[in-house]
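Asks: Listed below, chain by chain, are the residues.
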Amino acid sequence: MNTPSLEIKELAFAYPDGNQALYGVNLSVQKGERVALLGPNGAGKTTLVMHMNGIHPTSHGSIHVAGQLVDAKNKESIKEIRSKVGIVFQDPDDQLFMPTVAEDVAFGPYNMGLRGDELNKVVEEALELVGMLDFRDRPPHHLSFGQRRRVAVATVLAMKPEILVLDEPSSNLDPASRRELADILRSLDITMVMVTHDLPYAYELCARSVILKGGVIVADGSTHEILTDSALLAANRLELPVGFSIQ
Amino acid sequence: MIHGLPSHLKIIAALSFILIVVATPVTQWGAFIAYFLWLFVVVKVAQIPFGTLFKRALIEIPFIFFAILMPFFGSGEKIAVGPFDLYREGLIAGSGIVVKGTLGVMTAIILSTSTTAREILRGLERLRLPVLMVQIASFMLRYVNVVNDEMERMKVARESRGFEATGMKSWKVLATAAGALFIRSYERGERVHLSMLSRGYEGVLPQEERMKIDASVWLKAMVYPLVAALIFITQLLIGTI
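If you read the protein sequences in the order shown, they are chains A and B. Taken in order, the first sequence gives residues 12 to 258; the numbers are from the working numbering. Taken in order, the second sequence gives residues 16 to 256; the numbers are from the working numbering.
Possibly wrong hints are sitting among the right ones.
[Claimed, not checked] One-sided and incomplete, this derived list gives chain B residues near chain A with beta-carbon spacing under 7 angstroms:
no.	residue
1	Met155
2	Arg157
3	Val161
4	Arg206
5	Ser210
6	Pro221
7	Arg225
Because the hints were derived from the structure by calculation, they are not lab data. Glycine included, C-beta positions come from ideal geometry on N, C-alpha and C.
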């Protein structure tokens, strides 16, 4: 078997104030897989994501990205890890901080050492992938929310990550933007972890789902199986929208 | 033609012009008339509407307020101007501040109207302003709209619940709102920082590659202070005759 893109073993974490968020998470994601990470508010989803690229140092357990240990103390390796794990944050305004779209997309690859034509090429490719190339010289605050979310995805794609992590990708999007983003995400040939409450979105995009609750993985299986198990969903404060049913 | 000049040259030109103006003694009033005429020529060339120029220049009023009071207080020789008895020293000093201040402010307006804020920051960066300051300013530029929108939404939310800002009593509410806005912005700052770290930020923002600048471009940019210098020198020569 190949090395998994993401391998989390017995990851536990408590905040400095003593509030424990993770109680031993085990998760393995194979290359090319798209996995939905489901869970109610406060389940520890964001905390888990923050561990994946070493923003939160691992205090117990271990995380490997493409076989490489995530070690927040090792400066050199953490730099590599951060280029391998691309996180798209929930609020694009948090992610897009440079004066223009192109400069923002260039930010990551620049930090990885790309310059000149090479940098330009990577930026254009990434913007092309999300259909935002025409907006390259626009300031982010002149874009619609859906466009900003797409640029946020591009900023991460430009780093050519091993794994793409999306935090609530469909939140606050109108139906058309939501579908456009789904089309874009489906077209990408990349390992993906999608944190979401939007169960139909998970169903549409991810073959596999895991449920995180109370700091542990309580279910791991095909999205179809999980979303048709109404008892399991109810136990984890997850609900399909009214009128939505899966055969 | 002014709009297209490299921003750092424009900054140098504007500063030099202001320095020359400040160095000119107030009593050389001929020179100041010439400065103003020259400034208006530049405004014309830069295709800045005079309405915009004067409207934006109003910003200096709070600053020159005290200068306007100066002739009324002081000591020494008095002269009568219309209905007022003014102190000569104060009048000279006050009008100096007003005239020089106006020239400075108008120069800054030419600079800011003909250059985008982003370009000014790039120019400052090229002029070796500490990176940290440039970064702070560019983040402010990026987020001023975001914070403003947030403030606007909070205002709408307050008013939707029947709040009206009237008098001292509402200060408490406004202060609380300002505090909430501060916390939100602070937290946003942290999230932005996290997202920067996630993309490999190590303390430096990407920099533009620098292009060589022709001497002719330099010369074009420096025409603005050079003409002022010429006026200055001419006035000195005339003054001594």
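Asks: Which hints from the list above does the structure break, by number from lowest to highest?
Replies: The structure breaks hints 1 and 7; every other hint is satisfied.
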